[in-house]
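Protein chains in written order, with the working numbering: chain A, 1 to 351; chain B, 1 to 351; chain C, 1 to 351.
Please keep in mind that the hints were generated in silico from the structure rather than gathered at the bench.
Here the structure is a predicted model, which is why all the values come from computation and not from measurement.
There's no promise every hint is true.
No copy labels: a pair is met if it fits in one copy or bridges any two.
Below, computed lysine-lysine pairings styled on DSBU-like, alpha-carbon distance capped at 35 Å [unchecked claim]:
no.	residue 1	residue 2
1	K270	K229
2	K341	K270
3	K229	K338
4	K341	K229
5	K201	K341
6	K338	K270
7	K201	K338
8	K270	K201
9	K229	K201
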Amino acid sequence: LTPARGVSPVPLGRIAELAGATLEGDPAVAIAGMSGLEDAEEGDVSFLASARYAPHLASTRATAVFLAPGTQAPPHVHVLRAADPYVAFARVLPLFAPASTEVPPGAHPSAVVGAGVSMGARAGVGPLAVIEDGAVIGAGSRIGPGCVIGRNAVIGENCTLHARVVVAHGCILGNRVIVQPGAVIGADGFGYTFQDGAFHKVPQIGIVEIGDDVEIGANACIDRATIGKTRVGRGTKIDNLVQLAHNVAVGEGCAFAAQSGVAGSTRIGKGVQLGGQAGVGGHMRVGDGVVVAGRGGVIGAIDAGSTVSGYPARDHRTMMRVHAALLQLPDLIRRLRKLEKHSESESGPEE
Amino acid sequence: LTPARGVSPVPLGRIAELAGATLEGDPAVAIAGMSGLEDAEEGDVSFLASARYAPHLASTRATAVFLAPGTQAPPHVHVLRAADPYVAFARVLPLFAPASTEVPPGAHPSAVVGAGVSMGARAGVGPLAVIEDGAVIGAGSRIGPGCVIGRNAVIGENCTLHARVVVAHGCILGNRVIVQPGAVIGADGFGYTFQDGAFHKVPQIGIVEIGDDVEIGANACIDRATIGKTRVGRGTKIDNLVQLAHNVAVGEGCAFAAQSGVAGSTRIGKGVQLGGQAGVGGHMRVGDGVVVAGRGGVIGAIDAGSTVSGYPARDHRTMMRVHAALLQLPDLIRRLRKLEKHSESESGPEE
Amino acid sequence: LTPARGVSPVPLGRIAELAGATLEGDPAVAIAGMSGLEDAEEGDVSFLASARYAPHLASTRATAVFLAPGTQAPPHVHVLRAADPYVAFARVLPLFAPASTEVPPGAHPSAVVGAGVSMGARAGVGPLAVIEDGAVIGAGSRIGPGCVIGRNAVIGENCTLHARVVVAHGCILGNRVIVQPGAVIGADGFGYTFQDGAFHKVPQIGIVEIGDDVEIGANACIDRATIGKTRVGRGTKIDNLVQLAHNVAVGEGCAFAAQSGVAGSTRIGKGVQLGGQAGVGGHMRVGDGVVVAGRGGVIGAIDAGSTVSGYPARDHRTMMRVHAALLQLPDLIRRLRKLEKHSESESGPEE
């Protein structure tokens, strides 16, 4: 079996070891790639993590599959048994990752590096990036091609900034922060006063401070504070095209799906999840552990631990009942009218 | 008549010929520009494609107008008769296009081109673009200023990538693909496992594969697959700020309007249309020919051929009735209460 | 007291003077920074502009606070009395702004400047920017690092384009326009004809014209017109990730919050406000002074002066009542069923 993707094949036993899975099969079998059950080819290792995809197990062409305890495998499949099949599968993925952008230590000759820039050990700056005066690039951090790091901005250690990221002046990133292409950290907040019939810009003199282990998606925007800091807590993950306005404070361990947004000065607790295209209004408080379903629109404070959906976002179970009931509404009007007529004919018109 | 926009005037007869329209007027009249009925100046050619704009026909200052068979023109207007006036009009637009960015064949001296890059005949790379090692730029393709093409990425033939586009490592574009500025193809998908109280990144080792004749809008994002491919089918058109998550598969001939989004692993059929700001949840199937109206939020499978709207998105006609009925809801409650009181007074309280 | 942020401290009397406020306190006290009431440290000046934050006044550590006439201050606080405390506060912000990106006059040697480019007095082009042939950069305007200014585009006087902005060929910006990083002005509109089972691109030969004193947010997109102009009126402010489609016309003095969008050919009056994630459909008219609340979805014409919300967007007060009533809907169905049963048992089944 030759590897399909230019990566050397790996014996199944090595994969089981790396994943922390128990192998029920032949450790010498060669694995050449990883894929979903439906797309798998011979030589691939796959996984079953959700009952939704169980029907594909019998017909998969995968050579080996990660399965939870108790799940039966078809006879042709080697089984990698793991308590959480997807977690185990994910541990192996780096083995088969394609060659990606490499930013070697030091600054590419085409990069423009300003005065007083500090570069930590093994820090690298890619081609055609701009590092403005006084910026700090921490040890082991890699700044991708075309990035712009503003004046006196601070990038922590072992960060990865992919292509064309902007970190504006004075903003601060923690360690191991990952930023996908096109994201803009530290643009001016949307702040104006309205005087004499026109908007007047309020200078935005604050910064953005991003905690350790945060990831920020492609073309996402996190605005600098008017004063003080816009904050994103440690371990929070932010998807593509997300908007965080000025002076927003996001706690640790949150996850904001694509195209969601948070308006100015709102404080979001720890472990909060926003579904895709969800939104939270300005000057609000969202408690720890809140889940806002996709497209949910929050226009008031949300208590810790709540799951909300819809617009205005309210308790998710209630909203599911409301949305189901909505379909009956036109009929309801008809039925009510009928009762009213009946009532009138029984007792004569009132009022 | 001198041309208004620095383009040489064109005789009306030549325009009729190019558009495939029948001229009812003077072929020697000089046309200097193209515009809508309301904005037209003398020397312009315009069109009427929708009854909505019919009132502007009488007062237009256009010299000539594309009209469908049967539409009456005011006496001062030369008529270009065509079965589909807008299609005919569109054929002529290139005649009056302003001078735009030109990327000549070869790589601009300021571009950074890596090792083992393959450039097809007449392929061009604009100023300050980065082409990483092993990338392939097909014949006739033009890479705009500031673009970043990742390692081993493949751009097909006769593609146009406008300014500052990112195509990340290993991703594949077909032929005649157009990408507007700022779009990001192949950022990491939003994939994490949650263990020991924190999110852990799942390596995203798949790619994005874009079919022939696809167009992708400004600042749109199409994420690479966790494993395998995120796919966009031939001829599909994607507007600005659209989000396609990892492992999404989009069929041929779809059209996704601005700010719409599709969550991970969802499969979208052929000829599907998403209106502006519409969204589709993850792990769903949307059948061929489905139309999701603007702002529609899909949270379940949608059968082929359906037109849906609202949130949760359901049959459009039903939702129109529901939305109309909603306005009566507060009054409905009042009326129901009245009936209840009446019923109680008739028969005494129950329970 | 030493300044916390590397900016020289300023006597309170000077701050009062600059703000146009009346000082009730010691003019010699040194002010080192500015912040919100909650975050303030000793040496900071703060403000109270909304009753929402009044509870923080007693406990603030700020040295001085801007207050409206009649608001009581705690004894430890110096008071800066002003009719509009936030307006007064905003006037002082530039004193404490951190050092930011500086684009000196002239073109950075790493920039690529085409033939026939016109640069006004004191105009500056930052590192690794691309200015294509025939572009005009007005006096005092600054083009940030990594920007791409297309062929024959015109940037007015005293504009500030931050990093990585694209202004495509032929587009026109007025004076004092500010563009945040990543914004794309003049990408092709989303225009196709559908013939023979496929979409065919309609050339987009128009431009974008931006009025004086407009600000455009990070990664926002304003598409060029199919023909003629997409227009943004003087003094309008556009937030991050906003989408304005081709041939949209926006009046003067509007404010569009983040992630809102306007579909093609829609005409928006003066002084219109779109809340975050709001949307307006295509070919519509929105009158002067209209306010669309956050997430409002406009699918029809809106009369001048209206405030609308929800989807489909309708009168805001009505929608508030509707949204409140929605929660009663499941119960309403139950109550109606009960009345029907009662009615049947009284009079026997009908029909």
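Each hint tested on the structure:
{"no.": "1", "hint": "K270 / K229", "in the structure": "both (17 Å within a copy, 33 Å between copies)"}
{"no.": "2", "hint": "K341 / K270", "in the structure": "neither (55 Å within a copy, 48 Å between copies)"}
{"no.": "3", "hint": "K229 / K338", "in the structure": "neither (60 Å within a copy, 55 Å between copies)"}
{"no.": "4", "hint": "K341 / K229", "in the structure": "neither (63 Å within a copy, 57 Å between copies)"}
{"no.": "5", "hint": "K201 / K341", "in the structure": "neither (60 Å within a copy, 57 Å between copies)"}
{"no.": "6", "hint": "K338 / K270", "in the structure": "neither (52 Å within a copy, 45 Å between copies)"}
{"no.": "7", "hint": "K201 / K338", "in the structure": "neither (58 Å within a copy, 54 Å between copies)"}
{"no.": "8", "hint": "K270 / K201", "in the structure": "both (32 Å within a copy, 18 Å between copies)"}
{"no.": "9", "hint": "K229 / K201", "in the structure": "both (18 Å within a copy, 26 Å between copies)"}
Hints 2, 3, 4, 5, 6, 7 from the list above are not met by this structure, while the remaining hints are.
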